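Engineer: With chain A fixed as given, assemble chains B and C onto it according to the hints.
Listed below are the residues making up each chain.
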Amino acid sequence: MELQDIIKEENIVFKKTKLLNDKPLSYCPGCGHGTVHRILMETIEELGIDEQTIGIAPVGCAVMAYEFMEIDMQEAAHGRAPALATGIKRVYPKKYVFTYQGDGDLAAIGTAETMHCCNRGENILIIFINNGIYGMTGGQMAPTTLEGAKTSTSPYGRDVSTMGYPIRITELIAQLPAVRYVTRQSVHTPAAVRKAKAAIKKAFEYQAEGKQGTCFIEFLSNCNSGWKLSPVQANKWMEENTFKYYVPGDIKDNFKLLKNPIIE
Amino acid sequence: MSELRLMKGNEALAEAAIRAGVDAYYGYPITPQSEVMEYLMKANPEKTTGMVVLQAESEVASINMVYGAAGAGKMAMTSSSSPGVSLMQEGISYIAGAELPCVVVNVVRGGPGLGTIQPSQADYFQTVKGGGHGDYKLITLAPASVQEMADFMKLAFDLAFKYRNPAMILSDGAIGQMMEKVELFDPIPRRTDEEVALQCPWATTGRKRGTQKRVITSLRLVASVQEEFNIKLQNKYKEIEEKEVRCEMLQCDDAQYVIVAYGSSARTSMKAVEIARKNGMKVGLLRPQTLWPFPSKQIETLINNGAKGFLSVEMSAGQMVEDVKLAANGKAKVEHYGRMGGVIASPQDIYEALKKFAK
Amino acid sequence: MAKVRGAVVIDTEKCKGCGLCVEACKFQVLQLSQHVNLKGYTPAFMANFENCTGCTNCATICPDAVITVYRVKETN
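Residue numbers (our numbering), protein chains in the order written: chain A, 1 to 264; chain B, 1001 to 1359; chain C, 2001 to 2076.
Here chain A stands alone, though its shape is the one from the complex:
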């Protein structure tokens, strides 16, 4: 069988979702942002909720997310996405609302907005990309940067005695009674991507029920530029190091804690 016999419209088993446009993504080669963008848009398309969905873009690498996602979107100030989402969801309780935030946005400058949005149990989905670094501004230390990790603002490694500990904000959020679903996913292998997509789908299905209860999905992601590794090496490094501190898996489902999220 020749190539031209296979490459035919009717044989397509995978193509880019229509909810991502043709603009080249502004992310570095191999960056997890692009993958999460794609599975998020794929899920919205598959659920057929694109006409009822409003997304909130953050400040950080994903500041231009609205350039690529073909749905209505708002751009928030740094850290304020959960407040915008609250503002929208309260006046449009039947629409689907999600925020898309990085670790600096969500776990540093926007901690208050994130925690209180979750504490009210706003019926939204929070997508949290944790790559342990400030990517857009050039690789500074993030609240999630691992102990000892070197960044441009922790050039001798993160010293927890002066810089504090890498924050497991996802575990903190899981403790809040109004939070419905908390999971930590990654997009570093095809299998992980498929699992992560299922998590997004579940979160939107919960949202469709229209009840109080925030869904929160953390995505462990690489930042190969910031970590100064190749994309493939960065994913391996993440598996060997990041996963030990930020353990992947479901933490809370349907308001029930699945494991004690406090890790020794």
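Hints listed in this document are in silico derivations from the structure and should not be mistaken for laboratory results.
Since we're looking at a predicted model, the values are computed, not measured.
Glycine residues also receive a C-beta, built at the ideal position from the N, C-alpha and C atoms.
Treat the hints loosely; a few may be bogus.
Said to hold, decoys possible - List time: in silico BS3-like cross-link candidates among lysine-lysine, alpha-carbon distance up to 25 Å:
1) Lys2003/C with Lys18/A
2) Lys23/A with Lys2014/C
3) Lys1208/B with Lys15/A
4) Lys23/A with Lys1213/B
Said to hold, decoys possible - Computed Cβ-Cβ distance ranges for the label pairs, DEER-style:
5) Leu257/A with Lys1181/B: 49 to 59 Å
6) His2035/C with Val160/A: 41 to 51 Å
7) Leu1326/B with Glu2013/C: 47 to 57 Å
8) Gln1234/B with Ser26/A: 25 to 35 Å
Structural biologist: For chains B and C alone, coordinates are given in the frame of chain A:
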């Protein structure tokens, strides 16, 4: 049918918000304006008009909730007092940059810092000269009575939506706390989601397939695009300056000297004009109801009609006086008289200052 | 006996040559090109077309959504 009631300024404003068909109030308690949210929570309009009332975790969150709802085309508002409004400046700048219609109420107290909880007018600069970053303007209404607290609520939203621009009601602790008779306007039903979608095609209400997506943002990375947007904003501001100036003039026809005062200061100044007139001085009062756009042309006209001097009376170290000077443009004497720190100048104080000024 | 055959089409101008698809492919179908595209990246290409089963692993991992996957059952 309109309704007569005896109310606090803050309460009248809250009641007017419900009656104006506001969709959402997001706020955080601070003296001297906490009655706004207290009144709304008690009235529980979610059960009647469907208006959302939510106590946020901070002023930072409140203003950003307003951003979200306004970006989706809804009538959203918040209220606070000076320190809280300082916290909101980031959000206000973003709202101006995204051209979102909304209303922010500042029941001003004395500053800087925590300052005092007494009335003040020291946030004039913050409100009409910027406050947040970037070239932007807030349509600013200055109520001088409980009646205007109610009436300006609706006017502020009308103007905000007409120009897709944030509007500020710049009140003060005295107007917020005092009780007066107020005639409340008839309730206006909240717009339906369909009406919102029709009236605000720019709003993020969910992209219909086959149509352009809507993006609410203040980010324009290309310098020429940002400049083009700045020019568009400036043109809008010019139009507002031409069309939306509102002020009240009392006994200005033959006035040689004119007091310029707004809010609480206008009320004591009114009495000062009366005293001055009794003592044979030809004095009038110009009371701006919009601080931006500022009644500069009215000041120019008064000068052409023979006014020799303007005394700007404010509860501050002298802020609005700069706009009076710009309007007078050297053609008339302009000075400031004011008290600070939450002290309200008495009519007698103002009259004495006026006599000195007129010498 | 039916054999599953696959093929991919890569938008080589949008591919950033990150190599994640090369790593993800169990059948060593993909390699990075020796040539650069207009952006200066070395895009992925099908080096061993015969091995492709159209499993979609490469497209699933691709952060830039530049891969379209085709699959067909070959019957003799």
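Engineer: Work down the list of hints and note, for each, if the structure agrees.
Structural biologist: Consistency of the hints with the structure:
At roughly 31 Å between alpha-carbon atoms, Lys2003/C and Lys18/A are farther apart than 25 Å, so this suggested pair is violated. Restraint check for Lys23/A and Lys2014/C: the C-alpha separation of about 9 Å stays at or below 25 Å, so the hint holds. With a C-alpha separation of about 22 Å, the suggested pair Lys1208/B and Lys15/A falls inside the 25 Å cut-off, and the hint holds. For the suggested pair Lys23/A and Lys1213/B, the alpha carbons sit about 15 Å apart, so the restraint of at most 25 Å is met.
As the Cβ distance of Leu257/A to Lys1181/B is approximately 57 Å, the hint placing it in 49 to 59 Å holds. Against the hinted window of 41 to 51 Å, the Cβ-Cβ separation of His2035/C and Val160/A comes to about 47 Å, which satisfies the hint. The hinted range of 47 to 57 Å is satisfied by Leu1326/B and Glu2013/C, whose Cβ atoms lie roughly 56 Å apart. Between Gln1234/B and Ser26/A the CB atoms are about 30 Å apart, so this pair conforms to the stated range of 25 to 35 Å.
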